[in-house]
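Undergrad: In order, the protein sequence lines correspond to chains A and X. So that you can map any letter, position 358 of the first sequence is 358 in this note's numbering, and since no number is skipped, the others follow by simple counting. So that you can map any letter, position 588 of the second sequence is 588 in this note's numbering, and since no number is skipped, the others follow by simple counting.
Just so you know, not all the hints are guaranteed correct.
Claimed, not checked - To spell it out: a stretch of chain A is covered by chain X in this simulated footprint if at least three of its residues, at any positions, have a beta carbon under 8 Å from a beta carbon of chain X; those stretches are:
#1 71-80
#2 85-97
To be verified - Computed cross-link-like contacts, DSS-like style, restricted to lysine-lysine with a CA-CA straight-line distance of at most 30 Å:
#3 X:Lys399 x A:Lys195
#4 X:Lys437 x X:Lys516
#5 X:Lys612 x X:Lys392
#6 A:Lys195 x X:Lys405
None of these hints come from the bench; they were simulated from the model. If you're wondering where the values come from, they're calculated on a predicted model, not measured in any experiment. Here a beta-carbon is modelled for each residue, glycine too, at the ideal position from N, C-alpha and C.
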Amino acid sequence: MNINAQTHAILLLTTHLGKQTEVKPLTTSEWGRFAAWLRSQQFQPEQLLSHQLPQLLSEWSDPTISLERIQRLLDRAAVLGFALEKWQRAGIWVIIRSDQRYPQQLKQRLKQLAPPVLFGCGNGELLNAGGIAVVGARHSTTAELAWTAELGTTLANHGAIVVSGGARGVDQTVMQAALAANGQAVGILADSLFKTALAASNRQALQQQQLVLVSPFNPEAGFDVGNAMGRNKYIYCLADAAIVVNSTLNKGGTWHGAIENLKAEWVPLWVKPNSAASSGNSALLNQGAQTLAEPITDLHQLINQPARIEATPLSLFDLVPAESNPEAVGAKPTSIEQPITINFYQLFLDYLKQTAKNPLSIEQIMENLQLTKPQVSEWLKRAIEAGYVVKINKPVRYHWCDNTKI
Amino acid sequence: MQITAELSYDQALEQLRRSLNNPRANFRDGQWSAIDRLINEQQQLLVVQRTGWGKSWVYFIAAQHIRLQRGKMTLIISPLLALINNQIAAAQRFGLTAVSINASNTDDWAVIKARVLQNQVDVLLIAPERFANEAFMEEVLLPISQQIGLLVIDEAHCISDWGHDFRPDYRRIIQTLQVMPKNLPILATTATANQRVIDDIRQHLGTFAVERGPLMRESLHLQTVRLADAASRLAWLAHYIPQLPGTGIIYTLTHADTEQVATWLNQQAISACAYHAGLNAETRTEIEQRLSQNQIKVLVATSALGMGYDKPDLGFVIHYQAPSSIIAYYQQVGRTGRAIEQAYGILLAGEEDAAIHDYFRREAFPSQTIIEAVLHEINRHDGVKLNAILEKINARRAKLEHALKFLSVEAKPPVIYNQKKWYATINASNYQLDHAKIAGLNQRRSQEWQAIQAYVDTPNCLMRYLAEALDDLHSSDCGRCANCRGSVFDNQPTATLINQAARFLRHSEQVLEPRKIAAPNIPRAYRQLASLAEPVRAEPGRVLARWGHAGWGAMVSHDKKRGHFRDDLVAALVEMIQQRWQPQPCPTWVASIPSTRNPHLVEDFARRVAQKLGIPWLAAVVKIRNNEPQKSQHNAFHQQMNVLKAFKIAEWQAEPVLLIDDIVDSRWTLTIVAKLLKEAGATAVYPCALASTASDDDE
Ligand SMILES: [Zn+2]
Chain A
1 MNINAQTHAI LLLTTHLGKQ TEVKPLTTSE WGRFAAWLRS QQFQPEQLLS
51 HQLPQLLSEW SDPTISLERI QRLLDRAAVL GFALEKWQRA GIWVIIRSDQ
101 RYPQQLKQRL KQLAPPVLFG CGNGELLNAG GIAVVGARHS TTAELAWTAE
151 LGTTLANHGA IVVSGGARGV DQTVMQAALA ANGQAVGILA DSLFKTALAA
201 SNRQALQQQQ LVLVSPFNPE AGFDVGNAMG RNKYIYCLAD AAIVVNSTLN
251 KGGTWHGAIE NLKAEWVPLW VKPNSAASSG NSALLNQGAQ TLAEPITDLH
301 QLINQPARIE ATPLSLFDLV PAESNPEAVG AKPTSIEQPI TINFYQLFLD
351 YLKQTAKNPL SIEQIMENLQ LTKPQVSEWL KRAIEAGYVV KINKPVRYHW
401 CDNTKI
Chain X
1 MQITAELSYD QALEQLRRSL NNPRANFRDG QWSAIDRLIN EQQQLLVVQR
51 TGWGKSWVYF IAAQHIRLQR GKMTLIISPL LALINNQIAA AQRFGLTAVS
101 INASNTDDWA VIKARVLQNQ VDVLLIAPER FANEAFMEEV LLPISQQIGL
151 LVIDEAHCIS DWGHDFRPDY RRIIQTLQVM PKNLPILATT ATANQRVIDD
201 IRQHLGTFAV ERGPLMRESL HLQTVRLADA ASRLAWLAHY IPQLPGTGII
251 YTLTHADTEQ VATWLNQQAI SACAYHAGLN AETRTEIEQR LSQNQIKVLV
301 ATSALGMGYD KPDLGFVIHY QAPSSIIAYY QQVGRTGRAI EQAYGILLAG
351 EEDAAIHDYF RREAFPSQTI IEAVLHEINR HDGVKLNAIL EKINARRAKL
401 EHALKFLSVE AKPPVIYNQK KWYATINASN YQLDHAKIAG LNQRRSQEWQ
451 AIQAYVDTPN CLMRYLAEAL DDLHSSDCGR CANCRGSVFD NQPTATLINQ
501 AARFLRHSEQ VLEPRKIAAP NIPRAYRQLA SLAEPVRAEP GRVLARWGHA
551 GWGAMVSHDK KRGHFRDDLV AALVEMIQQR WQPQPCPTWV ASIPSTRNPH
601 LVEDFARRVA QKLGIPWLAA VVKIRNNEPQ KSQHNAFHQQ MNVLKAFKIA
651 EWQAEPVLLI DDIVDSRWTL TIVAKLLKEA GATAVYPCAL ASTASDDDE
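With the sequences and hints as input, model every part of the structure.
TA: Right, here's the structure in full:
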């Protein structure tokens, strides 16, 4: 590990070191502020390590970043040196934003909020190669994990790099499955990089350049909810598309990470169909995620999509009170006593018009409309004949033709 | 904001005068310049100055400033065990609270750590080998490192591959320095470094600035003497040491030699103590103190004697065998002649020196085979303990530890020790032993060895030779050495003394302690068989000589190859038993260890010993399983497993027995056969062997 003075300076200012440190390292945004000032003064961060520091900083003033704080952070030279020596023996390296290996996607998507430092072990080239993020819960059912493992294998077979958080449950399952299928993986860890880099389960993949483990935090840091939450955005930002295996509605890292991604519109978000009430997956569809069509046959279908699509109806009947467009429904239910006359086929077409701008599989349509396969097949056949819908192959999916009018 | 204030020359001088309580004290050449660069320019600095130049003034003044201006502590890494109290007292004069953490005060570590964290310690002294101790690094050094504001590395020539034999501890120090931010001031000091070493250090530690001063020493009288055989050298020591001023040090190359030379000198009424790495830290400190307080005339030491050992009035340093290089020699001889008018540095060169250095060179690096085996084994596990590796790899424990240490300090280490287990790293799969580098290092060592040989034989000024070899450009003829003004030692030891020394060498039998504890991790099915409870243990025995060494050792190795031990050895063994050992109760019969490879060699020898002792030999011990040669078993687990179930007792007497073997190595065979004899009914078992091949743990 060849560490230059600039890296040293940034590490000293931004990394938590040791348990007893009373002085708080600069947060990512604080560092951004300070770095911008250094740039404006045409100072290099490494000049902070020189004995001319007092003259250098005489003009600096900031409400939260006092000169004393900077001085005390920089004074941690010995503790950093001893720690770096230990980390490098485990094969851990350090990169900063200006390093070539630093993931460009992080800089582009997060700007000032991209982590100033990344610790890593393994094939750093993978950080700039994109991939498919797979996220999910630490505690998952056997069936979910089996599904996840299959997903990992599939992604590997398609040559996709799996990007995950390296946590227990879904993260590790998808990563190990991809690696077992000779695929490649990126693990963005919220804690324990040092330990993880030495674990036998990762060793071969690390040695064979299939895997890179990175973390913006001290490699010896233990689990911390804040760090885990903060790390989620890096998973999305390093990937080209993301798949949610399972999530809890309004709760937990997976849900919040997914929402964060939808709001920021970083990458297209796909969810594994799950209609259970406690699952957040259906709710994510409402927020702009899309249902993952299986089997995955073409990665481009996952990637070349808008990062967020307009809210998708949850089921056929959600469209019923569409008061703004009564004609389209064909008949308006007035009261429960009156015989209900609804044109279900028309409703079906409306649904497709809204959602099938991106191709949908028959399974996705079945899931969303809660219909049986023969019924959906029948209506699709009719819609294709009428020119409303086009069927595309490999995999078989159905696409709304925009230029048609109902 | 508290930002490092500058330290002016006047302030520093005032600090010095106040600390020494001497209003006229002044800095010596180079001292202020070193302080200035360290404090005011925050440099990382290598200072090359001879022993006694006063480097402690530099780091104590700097430590004062670091404490006052930055509230931080100074960490001194120094291979000194001795005179810690002196160092601590010296620091006190500078108003600094100094403490040491070392192997002998583990009980105090927690307290010292707490004091450091509460900012109550100004100077912390540790030995370099602490760096190879994972528990210390994890539990003490890393937690307190936030307090360190100045780092001092003593004897920094050890950082260089040129400077010394392979020192894993220093290798780790280099790696730490290489990743240390540039705003930590570092002072590296050495008394011996030629330009090659300095270049090498700078190559490792690119940004270090260098300060160097002259190395010549005014009061030192140098001389070299070639005396091929050990008896002549022992006689030389006994003859001349009483004539030498004050106290001194004799350097030998091996543990066994320190013991042998010290024993000989004591027999000759010269008070001497042996000192080597095999002694525990407490004993070593105690012995160093006995020399410091002039309670003994001479300390017989390997290079394990703390390089920071500091006794300003040391009168002489004698080498019993030639050291490995000029740097090592200057380092060791430089301990003498500092605070006294007349001091002597004498190098006795013997014929065995080359063979010993050859052995050290061969052993310096682990073999390809053991490295492959170790990596293979560690790679199979998710963390594995040393004992578990030993079960799988038939290698000496010390060899295995050496290999692991070597691997763990490589530039890209394939293994790492963490939480008491060994792990393979990402670098394990690509790891290649760097044969070219090792060959290069070995070649350098050969060159260094040639240079020391040339020193022994040069007709020119010896001091000048050393100074020039160390690239000291200020050197001239010293006018004091044996080549400048003739030897001061002209009256030779008498033939009687030389004969006496030869006899001493032949009488240098060693006690043979039987094993008392079974090897770790013996499988359950074998535990009963392996257990060594008190009633089945042998008595302490004797081994006549060391395999191949001066005295009987050479004769034993010669006869073993020929397949017959001559009567001289029978007589020597019987004489030893009857005249010196005299075991009580006296053995009344003799047994011997059978070997399948040469069935009659030991039996024949034991029969002749029995005859001479006038007691019967019985065919008591019978081999029931053809086991592997014991010498091919390299650690306790494999050695004990190999001899279990290999023997049975065919006949015996319920009396004390003398149990004879020719060569003893691990002692497992004698231990297990003794157990069988005792279980059969023998009342006492006295193991006895001609020679021991148990290897010296070299330093
Ligand atoms: Zn001379």
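Undergrad: Is Lys195 of chain A close enough to Lys405 of chain X, meaning Cα to Cα at most 30 Å?
TA: holds (20 Å)
Undergrad: Within 30 Å, alpha carbon to alpha carbon, are Lys399 of chain X and Lys195 of chain A?
TA: Distance ~28 Å between Lys399 of chain X and Lys195 of chain A Cα, so the pair holds.
Undergrad: For the region 71-80 of chain A, does the count of residues with a C-beta closer than 8 Å to a C-beta of chain X reach 3?
TA: holds (count 8)
Undergrad: Taking only the CA atoms, is the gap from Lys612 of chain X to Lys392 of chain X under or equal to 30 Å?
TA: With a Cα-Cα distance of about 45 Å, the restraint between Lys612 of chain X and Lys392 of chain X is violated, given a limit of 30 Å.
Undergrad: With a cut-off of 30 Å on the C-alpha distance, tell me whether Lys437 of chain X and Lys516 of chain X pass.
TA: violated (43 Å)
Undergrad: Take the region 85-97 of chain A, compare each residue's beta carbon with every beta carbon of chain X, and decide whether three or more fall closer than 8 Å.
TA: Holds, because 6 residues of the region 85-97 of chain A bring their Cβ atoms closer than 8 Å to Cβ atoms of chain X.
Going down the numbered hints, you'll see the structure goes against 4, 5, while the others check out.
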